[in-house]
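Whenever a hint applies, use it, and build me the whole structure from the sequences.
Chains as they are written, first to last, in our numbering: chain A, 1 to 834; chain B, 835 to 1012; chain C, 1013 to 1375.
There could be a bad hint or two in this list.
Said to hold, decoys possible - Which chain B residues face chain C? A few, computed with CB under 7 Å, are given here: (1) 848; (2) 886; (3) 889; (4) 890; (5) 892.
Said to hold, decoys possible - Anything over 10 Å on all C-beta distances counts as not near chain C; from chain A, calculated: (6) 33; (7) 375; (8) 454; (9) 530; (10) 539.
To be verified - Below, a list of computed lysine-lysine pairs in the DSS-like style, where the Cα atoms sit at most 25 Å apart: (11) 129(A) with 996(B); (12) 340(A) with 1308(C); (13) 117(A) with 1005(B); (14) 994(B) with 873(B); (15) 860(B) with 1314(C).
It should be emphasised that the hints constitute simulated quantities derived from the structure, not laboratory data. All C-beta atoms in this analysis are idealised placements derived from N, C-alpha and C, irrespective of residue type, glycine included.
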Amino acid sequence: MAVDINKVLLLGGGPTSIGHENELDAAAYERLIALKKTGAQIIYVDDNPFSVTSEEVQPANVYVQQVNFKNVVNIIEKEHPDAIMATTGGLNAMQIAWQLSESGVLTSNNINLLGIKPADLRKVIDNEKLRDLLTEINERVIASRIVADDTEAMDFVREVGFPVIVKPISASHDTSRFICNNTDELEDALDVSFKRAYIKRCSIEQSIVGYKEIEMVGIRDANGNKLLISGLEDMDPIGIHSGDSIIFAPTQTLINEEYQALRTATFRIMDSLNVTGTCHVQFAQSRTDSNYFVTKVSPFFTRNTLLAAKATGYPLTYVASFLELGYGFTEIKLPAKYSKYTPFMEPTMDHVLVRIPLWPFRDINDVDQHLNTLMKSVGSTIGVGRTVEEAIIKSMHSSQFSPRDILPSVSKVDDDDVINQLIHPLASRILILMEALRRGFSIDELSELTRIDRFYFYKLNQLLRAQDFVINHPLSPQSVQVGHKYGFGDGMLAELWNVNIAQITRMNQNVNHQVTYKEIEPSAGEFLEATNIFYSSYELENESKPFAEKTALVIGRGGNQLGPNSAADYYTAQILISLKKVGYKTLIMNTNPNVVSLTPQLSDKQYIEPIQLGNILNIINLDRPDVIFLPGNRHYLSKQLKQFADLNIIVLPPDQKVAHYKRHSATTAVDLFIQGKEIIPVTSLSFFNHHNRNDLHHLNDYQEPMIDWQKDESLIMQQAIKTTNPSEWQGLVQVLFNKTNSGDYICTGIRPVRITETAFLTKTTGINWINVLVKKYLGILDMASLREQLKPIAHKRYSIMTAHFPFKQLQSNRKEGTTRQEVGAALSFENFIN
Amino acid sequence: MMGKIILDKMAMQRALTRITYEIVEKNKGVEDLVLIGIKTRGIFLANRIADRLQQLENVTIPVGELDITNYRDDIEHDSMSIDVKMSNNKIDFSIEGKRVILVDDVLYTGRTVRAALSAVMDLGRPKSINLAVLVDRGHRELPIRADFVGKNIPSSQKEKIKVYVSEIDDKDAVELIK
Amino acid sequence: MTQRYLILADGSAYPGKAFGSLATTTGELVANSTMNGYQEIISNQIYHNQIIVFTQSSIGNTGLDQNAYESVLPSAKGVIVREYENLATDHFKRISLDRYLKQHRIPGIYDVDTREIRHRLQKYGNMMASIVDVADDHAFDQLHATVLTNQQVAQVATPKPYPNPDEGDNVVVVDFGLKSGILRELSRRNCNVTVVPWNSTSEMILDLDPDGIVLSTGPGAPSNLPESVLKMITEIQSQAPLFAIGLGHELFALANQAKVSKLRVEHHGANHPIREIITNEIFFSGQEQGYAVDPKSIDHAKLFITHVDLVNGTVQGLRHRDFPAFSVQFSPDGAPGPKDSVDLFDDFMEIMERRRDENGSRY
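Written as structure tokens, this is what we have:
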């Protein structure tokens, strides 16, 4: 039976950082749509300026504040919610929920914590308690002990066997750990560790380095019914953070017996924690027998919880929201496009999904780039295909290696380096694996060195053979077929053969070899559901049908690297929302699993396809969109697309290449909106510079309105309007100024308003500028109403944008960052001092 | 004092399910059936059996609550009137001519059941009385035998059997405590 | 890679690539949507007379595991999959899928649009199909002319009794085309098992003095079996605890005057929620189902419906009102499929134990 809830406080995920992109915002957004159906009032707290969710909540109910204990307590005292939902706010929100419970705030305010009861949450937050719980339900956890001398250590090893890991217990931040495979190594490690230890104690634990890492995502209702969403298999062994691992769904190398054991264990854990909603459990699976260990339990939304949902097409967030409210599986009504059985059918897949992480080492290169237990990736891309190879290739050529359609190679690395990198992997891991295969390393040898299952090497080998075949048989129909089967897009074939893509298209037509789109839905074809999520394959049946209505295609950005990516995703999502409002059927194409713009409710059709020319043209050819939006700065792609004169392409914001300014000088800016010959001032900004580098690439922090706005704003606005020529500039434009020592403002440049600042302006001015721009470029902008909204400019407070950099998480010593190194940002407000 | 789980939640549920089927099987149906749970945990178990019968046969079987404190033979009670003895019970139906199933969590010496039988007899004249227990741990001191047993758990007299029910204990389990 | 064809009774032909045996076969085409356990599926005797379409896109990834066969001599008529991998990956899995299929003369075809085939079967229902070298008129004529045997149980079940000794409860398993998972679960519970032929009489079975009796899974329609089997069931069900699975469940229903009919689309998968009526709980299990007990035909004075499939509404479990006899349509042994209901075997053990206690009158 559902809990009766009138007012619920939803905790946001905060600014993006390493370990989380926009997936929490995407989950919160879906959750919001579900909650609205219950009629409950929703209070939302988040300081992520690129949150789409916060814009979907009634403005009066949004608290743009850091999600921390103090702020949440204040909000509770003001709003008196009946319930708190923390599960879409990441670990931070769960910890706050726990603090709220421990401090008695929940009880004294009579607030229901949804998803997991406080007493059970404690078992997850406190490692020792979790260990006790797992032991009680007969699940194996890694044995560990604190020892004071060699004898105690030997006793431990006699119980659990080698290998073990020895760590000194130290007050300083000593992260040294020693893997010991025999007595000699153990004695050495103890010797060193006891010397380093603060008090003479070491921690010793069973080593599971090299085990397979398997993840399971399940959901449970208040009646104790459970279903498994999906299993995920990390290609990389334990020892490499799951966030830095290449992940496959479904699991590839487990036999039924092993898989079912992990499924059963997941359910047992969910039962013992009385979870209502989702739970993500991570396991270390032995390679030599059927033993496994539980390594992590997360009864809340994680990156991979949402990946499991993406992989299967199961409406996880939506369903889990109702489960948290106390609904049973059979009481949940889904939108009409789903089969009515979907909430309580266990998803089954007829495709393969691969996720490849992206690392920021191109922009931050002074850190240890080895992949280990510390997560370093900042984004990822997914590829979906009917074969494992197809999925690998699609995710690869959606990833960082090149914007071009080429299967990259690392042939310049010498043999010693290859071996070294096999054992100590770097970001280019998958390329090194392929290179080693090219150089004739045996699969057994490679599996031994890398602890990666042989299966993956067989698959990579097939890919290499397919590539060789395609290269050696240029322009043959058979090559095209082989290429397509293994996921080589038309663009890729064109590059490999150095021909125009149109030639490949003609070949396809001649042999009647057409792309087909398959739906990602959770019943493996048992029901005709219309999730409208598609991926390509070259088969018989095409399931994606063009819309009869006017249609817009929005091309997403793919995997996040550093820089304004979460802002770009926000931008993309807003374009979709705007297009839908003005009556377009919308198509989105993207490969980033962690974006809001792929939320099913935001578009009419989603393509999980590489953002590559060939794949884009195929979709255009099928869906015949009336207009194509290309958000973000993508010079290469926009140049490629503009060759096709019949396509109606809108690049938003307009290409930054048109900007002209002096690099080292700007303290103040005025934002203008220009429509035709009309120029309207929007607001003014001051840039901060904490590091004394007056370089635009370093100006990540800013506030609105400008300092001294009372005195100077109208003056420089006039100046800005005067210097801007509407025949050169349209849309949102930023005029840059430098303040001289004498107090004058000198115009130093002009540029289109950047993506991050557009999001910022939307939050501070209360006008959805992306919506305005979309309407402008579609030619349906109502200027009168915009003028009305903008006049007069009345500032009420300072809005401040603070960039977040990943240096600390990556253990880099850098302090200052360029806009290219941003990982996220936070928004805050400050009242004027009278 | 270490508790070892003998029956977990699933096993406990299964035992109750099986007892329910066996009750129908033995009584050739559910006609005239009434359940009387012995305080405290027997009452919850009786209710669960009644819920199962409801699901299965779509009939509501009356459930009574019996507090046998004043019937124990190790307590001085001769002077008490029947009304006093009965004061803690909640049995708002007649047992006259009914098939009574007494429900308790653990069957041990048999003294509790003996007391319960006396109490039921004081209430009226049922057609039959059967006994259902979740756990039979042996060591009977009286010639009493359960008709429906969830699980036989042979135990030494030094050991304790603890039954947890989620209605009041926050979990379902049977533990053997050494 | 040899090109071969899957041809369907509705006239469609799918070119694909051959693996396994190169034999020409005909059978009923059924789709299985279980994501794990291709080995258990292929070796299950229930697929006698059938060609299996795997909806999971690739099989063969893990090679074959010595402990995961569901029969010694598999009798499936063919295997259709989008992609197959011929791996024998590690020390425990020495045999590859291709080698196994060749050994047992089972042809396979890969590189076909299995999702399209799945859609077709859902839309048009069960269909006959052949795996052939050439998809010409002759092949279609052969397909249409083929009549599959209805003596399936006799072909796959053991003709002679054999023991699987242990020290626990004495269980007789009546073999209708047994899947090994049943024996595995009984072994795990130390049962002293005797497997007897499908046509054993009640006397033969009861003479073994069983603590309990299992009616096994098997292929084909329950109506293909003679009346004598139903008579045997009515005679034993009152004498010892009875647990019937799959085909055994269908026969148990027939023996108690219920009706069984063929499903328009066979259901092979592990994705349907099964509701246990008495507790109202939902769980999942491997289902390989071509026939279903008609709920309307059940005499409620004799049988309870204990389990139902929440998607297609089919009866998934029955229990006799007067005897400790129960049955399930699905495979609680989880080979393959979830182990959510494996404790039905524990139920069976407890019922046998209670029976013994009662007979022994223990105080």
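Hints and how they fare:
1. 848: 6 Å, holds
2. 886: 5 Å, holds
3. 889: 5 Å, holds
4. 890: 5 Å, holds
5. 892: 10 Å, violated
6. 33: Since the minimum Cβ distance to chain C is about 25 Å, residue 33(A) lies beyond 10 Å and the statement holds.
7. 375: The claim holds: residue 375(A) sits with its nearest Cβ about 28 Å from chain C, beyond 10 Å.
8. 454: About 5 Å separates residue 454(A) from the closest Cβ of chain C, which leaves it inside 10 Å; violated.
9. 530: 14 Å, holds
10. 539: 4 Å, violated
11. 129(A) with 996(B): 22 Å, holds
12. 340(A) with 1308(C): With Cα atoms ~24 Å apart, residue 340(A) and residue 1308(C) stay inside 25 Å; holds.
13. 117(A) with 1005(B): 14 Å, holds
14. 994(B) with 873(B): Given pair residue 994(B), residue 873(B) holds - Cα atoms ~18 Å apart, limit 25 Å.
15. 860(B) with 1314(C): 14 Å, holds
Of the hints listed earlier, those the structure fails to meet are numbers 5, 8 and 10, in rising order.
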